[in-house]
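Protein chains: 2
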Amino acid sequence: MLSRTAEYAMRAVLLVAREPGGGPVGSARLAEALGIPRNYLSKTLHLLGRSGILVSTRGKSGGFQLARPGDQIALIEVVAPFDDLPSKRYCLLGRRACNDQSPCAAHGRWKVVAEQIGEFFRETTVADLVKDGGRLGRV
Amino acid sequence: MLSRTAEYAMRAVLLVAREPGGGPVGSARLAEALGIPRNYLSKTLHLLGRSGILVSTRGKSGGFQLARPGDQIALIEVVAPFDDLPSKRYCLLGRRACNDQSPCAAHGRWKVVAEQIGEFFRETTVADLVKDGGRLGRV
DNA sequence: AGGTTTGATCATGAACAAGTGATATTTGAA
DNA sequence: TTCAAATATCACTTGTTCATGATCAAACCT
Numbered sequence: 659m660l661s662r663t664a665e666y667a668m669r670a671v672l673l674v675a676r677e678p679g680g681g682p683v684g685s686a687r688l689a690e691a692l693g694i695p696r697n698y699l700s701k702t703l704h705l706l707g708r709s710g711i712l713v714s715t716r717g718k719s720g721g722f723q724l725a726r727p728g729d730q731i732a733l734i735e736v737v738a739p740f741d742d743l744p745s746k747r748y749c750l751l752g753r754r755a756c757n758d759q760s761p762c763a764a765h766g767r768w769k770v771v772a773e774q775i776g777e778f779f780r781e782t783t784v785a786d787l788v789k790d791g792g793r794l795g796r797v
Numbered sequence: 659m660l661s662r663t664a665e666y667a668m669r670a671v672l673l674v675a676r677e678p679g680g681g682p683v684g685s686a687r688l689a690e691a692l693g694i695p696r697n698y699l700s701k702t703l704h705l706l707g708r709s710g711i712l713v714s715t716r717g718k719s720g721g722f723q724l725a726r727p728g729d730q731i732a733l734i735e736v737v738a739p740f741d742d743l744p745s746k747r748y749c750l751l752g753r754r755a756c757n758d759q760s761p762c763a764a765h766g767r768w769k770v771v772a773e774q775i776g777e778f779f780r781e782t783t784v785a786d787l788v789k790d791g792g793r794l795g796r797v
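Chains as they are written, first to last, in this note's numbering: chain A, 659 to 797; chain B, 659 to 797.
Fair warning: there could be bad hints in the mix.
[What the hints assert, rightly or not] Straight-line distance between alpha carbons at most 16 angstroms, and here's what the computed EDC-like set of lysine to aspartate or glutamate pairs gives:
1) B:Lys789 / B:Glu677
2) B:Lys789 / B:Asp729
3) A:Lys769 / A:Asp758
4) A:Lys789 / A:Asp742
5) A:Lys789 / A:Glu677
6) A:Lys769 / B:Asp786
7) B:Lys769 / B:Asp786
8) B:Lys769 / A:Asp758
9) B:Lys769 / A:Glu777
10) A:Lys769 / B:Asp790
11) A:Lys769 / B:Glu777
12) B:Lys769 / A:Asp729
Worth flagging that the hints you see were computed from the coordinates, not collected in a lab.
Using the sequences plus the hints, can you model the full thing?
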C-alpha cells in the first residue's frame, strides 16, 4: 500500500508526536527505537522538514519536532512527499485520465473503495493515531 | 495500488474475457490493443497460464483463453501472482505481525479500510467487470 | 517434410527504491 | 574559542521492477 519510505515517515512522525513536551527528538534515537537504518531515516526526516511537517534543530540537544499540533496534520501530508496517494491515482488499471466520463472497466466498482482510502488519509490526523496508542517499533 | 505488471494482467484477462466466442486471442493482438510492450506481456500471460487463470494454445490461430468462466475468477486470483494483496499485508506501517492482539498505531482505523479493499478483490469477478464495460486500452 | 505462426525463454540494460558509509556544516556548551 | 553533538549532504552499492531484443520450441497448414 505504502512505500517503505512512507511507512518510515509515518512511524517517525508518530513517535515524534508522542514525545512528552514535544521536545526535539534526535534522529539517532528515532532510528534505534523504530528499527530503521539511521542514515536512511535521516534523509526521510529532512524531507519531512522541507515539506513543513517537522522542524529541525541542529546542534547539541537538537532534533525534530512537529511543525504544527498533531491534530492539524493529516496523514496524507505525511505520506504525500513520498508516495502518490490516490489523490489522482484513482484508476486501478493505470489509465492516466480515468473518470466518470471516460471510465476504465473497473472504474465504477473501484471508485467506491478508492474514495474511502482517500478519505482515510485526508481525515485521519496524527493526533488521532497518537490517541489510539499501538506499537510503532518493528515488532 | 497495483504494480504495473498486475495492471497489465488485469487488462489482458479482461480483454480475453470479452472476446466473443471465447476463442484464443494472440499475445501480439493483446499487446497492441492494450498498448503494452509485447515481450513483457508475453511473460505476464505465461505466468497467468501457470497460475490457472488462462490456458494457452500454441501454433497457428493459437493464443490465450480463460481457464474458467469469468464469473468463477475473482480479481484477487488475477493479481495474486504478481502482487501481495492485502491478504496478509494488512499493516499500514509495515509490521510483519499486526493484529488485534498486537496492533500498530494505525491498526484500528486502517483495518476498516483494508477489509474493504480485500473484499473488493475477493468478491469482484472478471465477469462483473466485463458486464460493466469501460475501457481497457491505454487511453 | 517444410515453412509459418505462435507461445516460451534467455540475456541484457535502464530506472528507481532501499540501504550504507563518509564527510560537511551548524549549534550549544564547556 | 574550542569541542562535541547533532543535522545536512554526498557518493556509492545493492536489489527490484520494467522494458527490449534475440532466440528456441511447439503446433498447424500446405
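Hints versus structure:
1. B:Lys789 / B:Glu677: holds (13 angstroms)
2. B:Lys789 / B:Asp729: Roughly 10 angstroms separates the two Cα atoms, so the pair holds.
3. A:Lys769 / A:Asp758: Judged against 16 angstroms, a Cα distance of about 10 angstroms means the pair holds.
4. A:Lys789 / A:Asp742: Distance of about 27 angstroms is beyond 16 angstroms: violated.
5. A:Lys789 / A:Glu677: Cα-Cα ~13 angstroms, so holds.
6. A:Lys769 / B:Asp786: Cα-Cα ~15 angstroms, so holds.
7. B:Lys769 / B:Asp786: violated (26 angstroms)
8. B:Lys769 / A:Asp758: violated (28 angstroms)
9. B:Lys769 / A:Glu777: At roughly 14 angstroms apart (the allowed maximum being 16 angstroms), Glu777 (chain A) and Lys769 (chain B) satisfy the hint.
10. A:Lys769 / B:Asp790: At roughly 13 angstroms apart (the allowed maximum being 16 angstroms), Asp790 (chain B) and Lys769 (chain A) satisfy the hint.
11. A:Lys769 / B:Glu777: holds (14 angstroms)
12. B:Lys769 / A:Asp729: Between Lys769 (chain B) and Asp729 (chain A) the Cα gap is close to 21 angstroms, so the pair fails against 16 angstroms, i.e. violated.
Hints 4, 7, 8 and 12, counting from the list given before, are not met by this structure.
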